[in-house]
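Starting from the known structure of chain A, arrange chain B on it as the hints suggest.
There are 2 protein chains.
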Amino acid sequence: MSTSTKPPAGTRDFLPEAMEQRRQVIAVVERVYRSYGFLPLETPAMENLSTLLGKYGDEGDQLIFRLLHRGEKLTRTLSSQEPVDERRLADLGLRYDLTVPLARVVAQHGSRLPRIFRRFQVQPVWRADRPGRGRFREFFQCDADIVGSQSMGVEAELLGAVCEVFDELGFSELRVKLNHRQLLFALVSCAGVPEHLETDALVAMDKLDKIGPDGVAAELRDRGLHAAAIRELGPVLQRELGEDNEAILAALEARVGDSERGAQGIAELREVLRLTARGPAAGRLTVDPVLARGLSYYTGPIFEVEVSDLAGSLAGGGRYDELVGMFLGRKVPACGVALGLERILVVMGERGMFRPATSGPQVLVTCWSAELAPESVALAAELRRGSLRVELYPEPSKLGRQLKYAAGREIPLAAVVAPEELARGAVQLKDLRTGMRHECPRAEVGSRALALLEEA
Amino acid sequence: MSTSTKPPAGTRDFLPEAMEQRRQVIAVVERVYRSYGFLPLETPAMENLSTLLGKYGDEGDQLIFRLLHRGEKLTRTLSSQEPVDERRLADLGLRYDLTVPLARVVAQHGSRLPRIFRRFQVQPVWRADRPGRGRFREFFQCDADIVGSQSMGVEAELLGAVCEVFDELGFSELRVKLNHRQLLFALVSCAGVPEHLETDALVAMDKLDKIGPDGVAAELRDRGLHAAAIRELGPVLQRELGEDNEAILAALEARVGDSERGAQGIAELREVLRLTARGPAAGRLTVDPVLARGLSYYTGPIFEVEVSDLAGSLAGGGRYDELVGMFLGRKVPACGVALGLERILVVMGERGMFRPATSGPQVLVTCWSAELAPESVALAAELRRGSLRVELYPEPSKLGRQLKYAAGREIPLAAVVAPEELARGAVQLKDLRTGMRHECPRAEVGSRALALLEEA
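Sequence order for the protein chains is A and B. Using my numbering, you'd call the opening residue of the first sequence number 1 and step up by one each time. Using my numbering, you'd call the opening residue of the second sequence number 1 and step up by one each time.
Honestly, the hints are just simulated from the structure, not real lab data. Being a predicted model, the structure only gives us computed values, none of them experimental. Treat the hints with care, as some may be off.
Where chains are identical, the list cannot tell them apart; a pair therefore holds if satisfied intra-copy or between any two copies.
Claimed, not checked - Straight line, CA to CA, 25 Å or less: simulated DSS-like cross-link-like pairs of lysine-lysine:
1) Lys6 x Lys331
2) Lys331 x Lys398
3) Lys207 x Lys55
4) Lys404 x Lys331
In isolation and in its complexed conformation, chain A is listed as follows (with noise of 0.2 Å):
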């Protein structure tokens, strides 16, 4: 029986040209996580299934990929004389995201953590998905999150950090759009939806950059919505409130004021709009009073960064104060935000945004016999204390062979030791760049080559 070599469907395989564009985006996000106090953590592959139940929907349960039960565990369920329930073959799965993990970490450690902790983490997420083009069974997410403070400084805090990720990785025109989840359920309950509907009304709002208006009104009466509520969010879907944030949120302020949560909203957007006026994501904010980010554990305000000329987000996030709850049994505040990774990386390919890749080899010792490769051995040894990057051709094969090879893996210079030059305590380089040759004394090998590498 043949195996087949591809990586199972859904996931990749990064060889080393990918891995460096992938490193390349990381670095840039960590640096300005670091640089605004995030500090790394990383938590498990593998969760209790406990603790990932129950956190993304019924939808978001099935895609979780379990763990089957091993040995003595596995054998008791099979020969069970009961029909076998998919509930006693596995009790553990899958990280799904990064924020349930966080919400564990923070409800079991949190003696140890600062008070007011600042995290960040790039690992991988699994979900078992449908694979298709751009979506993965396994994706990175870069998370940054703040808990312990429902002061809206935090979400100005993360506003200005991913805008300076974004301006970092070379992105212009950005734009983030801001809502409140208070502020969407005091729309909907003032334009007269009944409360069993709220939801199912927000579900079909998120739809309005796919549907259009009209395609979300046909869905609110699906839903069982009254044409006078449908008619009541008319304004609001056709994006009529306003032509500024302060406009749009007056307009806003008319129809839901009156309402505890409408006033907390607006009133939380008014301060994240105050706070940021001055910081990297001044000007860039934008009141969408649609946006809705799906139906996770958001409580407060919800955000998306979308950039020129492309369609949906690159990055998202939101407070939720209510997810460390679920695990510690008291409310911890808290706020963070995704970058959609895999979709960045996208992008900067198609655009052409990445620099050229720096780390490869600089060098390429090669080797001429048996007999001399103890002294390619050396040499590499040497060039390496003087901080190059330095492959040696590991057999003795034709110089020709080993140049075209080392032109191939793009490397710019080659140190060819051989016979005649090595008998007058010398070494050959060869700059792969330009095809001219340098005869240089053994000792000064290492500086010649900085110094041709410096000249490109």
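Leaving out everything else, chain B in the frame of chain A:
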């Protein structure tokens, strides 16, 4: 039902302090590997079970975590009339090491890789072992491998790199035990062990350091070896073959030099010693004819790195010329080394070998009042542009409380944005290490902070 917030048995949360130590080690490993021309590779956490099974022995196969089928596939299996067979519950498993995925990648992407492919890979692997002290179900491996050459120059490069890694990490008195799989087989064969017991004999001999020569002899007896064969192996088990490498190799040659496998093993070990004589591994290699490195896929030289005053090894590897062929159908020579990252971290921790972490926030910008908060946001943004790592206290609170928070986090400086100083265009910079306060003009806070940080 309250949920446990511990990570699953055998796995760990890495809080920031642990992360900094892990990253410190990984950064050194990567820097050295890069200096040898190795390039990064990453593979998916999950592999097809057909890729994994049959590569690690029966015991290994049992330790592979399998991913339970979902949805229809699972329902079909569970609702079938026949008894449920384990093989119908899963066809994916979690990565068990980094070598088999590399072999699969070479078979799959070979045409896109350099003819001689050097890759390093730092990723977690999973094994369903019984968790215990220092034994985890999720742990990181750091592998470097060279694929595509049969030359012992490959071994010389790997041994040089691994010695440099330990030098750079600060380990002293490094010792590398060196042996050869073919030589081992020749030794037991020439001692009169029948072919079907060769592997059994190696398994027993591999335990020498744990159970001593008498223990090994007893086990060899139990496994059915004749007394004559055991007697013949006596000097090998007693390590009485010679004082230095050449003496040991000469003694081995006298025993097994006439067998093809023996002659090959001795010649290749001599070549490794010759090629490493002028690199970082020079003087550190000791031929140890009992070293066996388990029962895995090795076919040629094998080695293990030890440091003084520490039982067991911190790294190990060897040549495996058959593994890629299991996927590709044709032989591809390969050799690699794996670092025991988790063990290295424990030892470095016990011996106080970590540098103090230097990537936490350097300045806390305080928050005086809701009204002044935008001033704090603006100052934090400015300081970050001046390449400082800055945490903004996100909510108004008593100044003493904020300074105490900064001190607790070991943030060296606090920038106090207060109304009085602000009125005269100034900010107070407090050095929390000395207690000194410095009032400085708003525009100079960054340069002043950098100066204070450099002084220390």
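These are the hints, each one checked on the structure:
1. When the C-alpha separation of Lys6 and Lys331 is checked against a cutoff of 25 Å, the pair qualifies only between copies, where the shortest distance is 19 Å, while the shortest distance within a copy is 46 Å.
2. Only between protomers do Lys331 and Lys398 lie at most 25 Å apart by alpha-carbon distance; the minimum there is 23 Å, versus 71 Å within a single protomer.
3. Within a single copy, Lys207 and Lys55 get their C-alpha atoms as close as 22 Å, which meets the 25 Å cut-off; across copies the closest is 48 Å, which misses it.
4. Proximity of Lys404 and Lys331 under a CA criterion of 25 Å is satisfied inter-copy only: 24 Å between copies versus 64 Å inside one chain copy.
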